[in-house]
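There are 2 protein chains.
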Amino acid sequence: MVKIPRSHPRYWSLYYRERIIEGMERGMTAKAGLIAHGRGEAFDYLIGERTIEPAERAMRAAVAKFLLAKHPVISVNGNVAALVPKETVELAKALNAKLEVNLFYRTEERVRTIAGELGKHDPDVEILGINPTKRIPGLEHERGKVDEKGIWRADVVLVPLEDGDRTEALVEMGKFVVTVDLNPLSRSARMADITIVDNIVRAYPRMIELAGELKNLPREELERIVEEYDNEKTLSDVLTYIRDRLGRLAEGGIWRRKRL
Amino acid sequence: MVKIPRSHPRYWSLYYRERIIEGMERGMTAKAGLIAHGRGEAFDYLIGERTIEPAERAMRAAVAKFLLAKHPVISVNGNVAALVPKETVELAKALNAKLEVNLFYRTEERVRTIAGELGKHDPDVEILGINPTKRIPGLEHERGKVDEKGIWRADVVLVPLEDGDRTEALVEMGKFVVTVDLNPLSRSARMADITIVDNIVRAYPRMIELAGELKNLPREELERIVEEYDNEKTLSDVLTYIRDRLGRLAEGGIWRRKRL
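If you read the protein sequences in the order shown, they are chains C and D. To convert, note that position 140 of the first sequence is 139 in numbering that gives the first Met the number 0; the numbers rise steadily by one, no gaps. To convert, note that position 213 of the second sequence is 212 in numbering that gives the first Met the number 0; the numbers rise steadily by one, no gaps.
Extracted from the complex, chain C is given alone in its bound form (with noise of 0.2 Å):
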């Protein structure tokens, strides 16, 4: 990995830069995982690099959501191994989830460097999607597979950083899908139940955290949680944000300006 400068101001953009970079080298993260971890970064830019209110609104109803499922699954991709091993194990455990290894660009060779990277994190952690037996409808072959004891009966999913028609695919199927994902037009951020326009990154630190705070709430609290949440004004309210803050740079002007 390429050794940045701690004082460097874009210093942990560069660092994650590094480590997807580390993760495609390693066989975990598709090349076309490097393009969208761009896009990403683009949206991150676009909101200040940081937990906007938001974010923080959809993140507590995601967890108080996964807090009251009966089959609640975390899919990892190779993106998401690359950025987040620990905090994805950290994260199952605070939600008493489970996880799946489910790719976009699957490859049993990928599959088995992402369930031993998550390992080494903890050995005894179990990872599904190794052997998927059942596949979602309306995707093709490869794309579709799930694990039978995972995705495949879960009732609602995590699948942070996932394509579109997947995202799309899993709502049909009836399960209650929570997304991350810094681009709030994606096709996953308009189609799921619950959208965090965040960085991974802060992301998942800030539910593990919330997991803790919401565990010994009673059911009716989280059900109210849950049931007051509003996805469309979430998904607004990012676009409002990320507009009014273009205005300000539009009328403060950007032209020569060393700093934003």
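A portion of the hints provided could be inaccurate.
Treat identical chains as interchangeable: a pair holds within one or across any two.
[What the hints assert, rightly or not] Listed below are the simulated DSSO-like cross-link pairs for lysine-lysine, each with C-alpha atoms no more than 27 Å apart in a straight line:
1. K30 / K2
2. K2 / K214
3. K69 / K2
4. K214 / K30
5. K148 / K214
6. K30 / K92
7. K92 / K257
8. K257 / K232
9. K232 / K2
10. K92 / K232
Treat the hints as calculated values from the structure; they're not laboratory data.
Position chain D relative to chain C; hints supplied.
Below, chain D without anything else, positioned relative to chain C:
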């Protein structure tokens, strides 16, 4: 290259994504170039994947400036060579400009591969940057290398998809710097004298057309075009364009909307 059906609604975006991946596999494009391409995709999506008016205005001024230049140079990097090798050679001819391969992650092999790619489209084309002997002040050794007959003596340079540090260093050297960058907030976009916020796959063909339209104008007319151009206004107009588009989407609502 993965075969994409022409009927796919995202055909062109997927096509150029595959071109960039192929560019990496062929040793022209750096891994970080894939991530940069993703950032571009995100901003292209925000401007609606079409050439907007402020970009047309910037291209017109840029072409006029190039036609007036004494030593115009067009820089080529790994992403440019993967996306628009033919158009790069054609644009250099149309603007009577020299071509220089100039890489952020310079290796001799990448330089040679890129030069070879450009040569396919015109075996007689002169490619500078193979043996650069000069250095841009203020940049580290490898990143600062430039050709004495190219960027070093140039009065006007086009540095598309360029790193912010390098754009800024060229401006500080007193060059007139034109960039093509989909991110209006990037440091390159903010620091250049003329910033074309457009996808290079649309910008270069349009600039070749504009060169044909403007080349017979009297010098005073070209000088007037350059003088009247205002890059501060261009950048603000681009931000306002994106702001208004996001505002409309926020008001209309995007949740569960199949198309935007």
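Hints and how they fare:
Taking identical chains as interchangeable, the C-alpha atoms of K30 and K2 lie at most 27 Å apart whether they share a chain (22 Å) or sit on different chains (16 Å). For a Cα distance limit of 27 Å, the shortest separation of K2 from K214 qualifies neither inside one copy, at 39 Å, nor across copies, at 48 Å. Within a single copy, K69 and K2 get their C-alpha atoms no closer than 44 Å, and across copies no closer than 41 Å, so neither meets the 27 Å cut-off. For a Cα distance limit of 27 Å, the shortest separation of K214 from K30 qualifies neither inside one copy, at 38 Å, nor across copies, at 42 Å.
For the identical chains of this complex, K148 and K214 are intra-copy neighbours only, at 24 Å inside a copy versus 68 Å across copies, given an alpha-carbon limit of 27 Å. For a Cα distance limit of 27 Å, the shortest separation of K30 from K92 qualifies neither inside one copy, at 30 Å, nor across copies, at 34 Å. In the homo-oligomer, the alpha carbons of K92 and K257 never lie at most 27 Å apart, since the shortest distance is 44 Å inside one protomer and 34 Å across protomers. Taking the shortest Cα distances, K257 and K232 sit within 27 Å of each other only across copies (17 Å), while inside one copy they are farther apart (35 Å).
In the homo-oligomer, the alpha carbons of K232 and K2 never lie at most 27 Å apart, since the shortest distance is 41 Å inside one protomer and 38 Å across protomers. For the identical chains of this complex, K92 and K232 are neighbours neither inside a copy (30 Å) nor across copies (52 Å), given an alpha-carbon limit of 27 Å.
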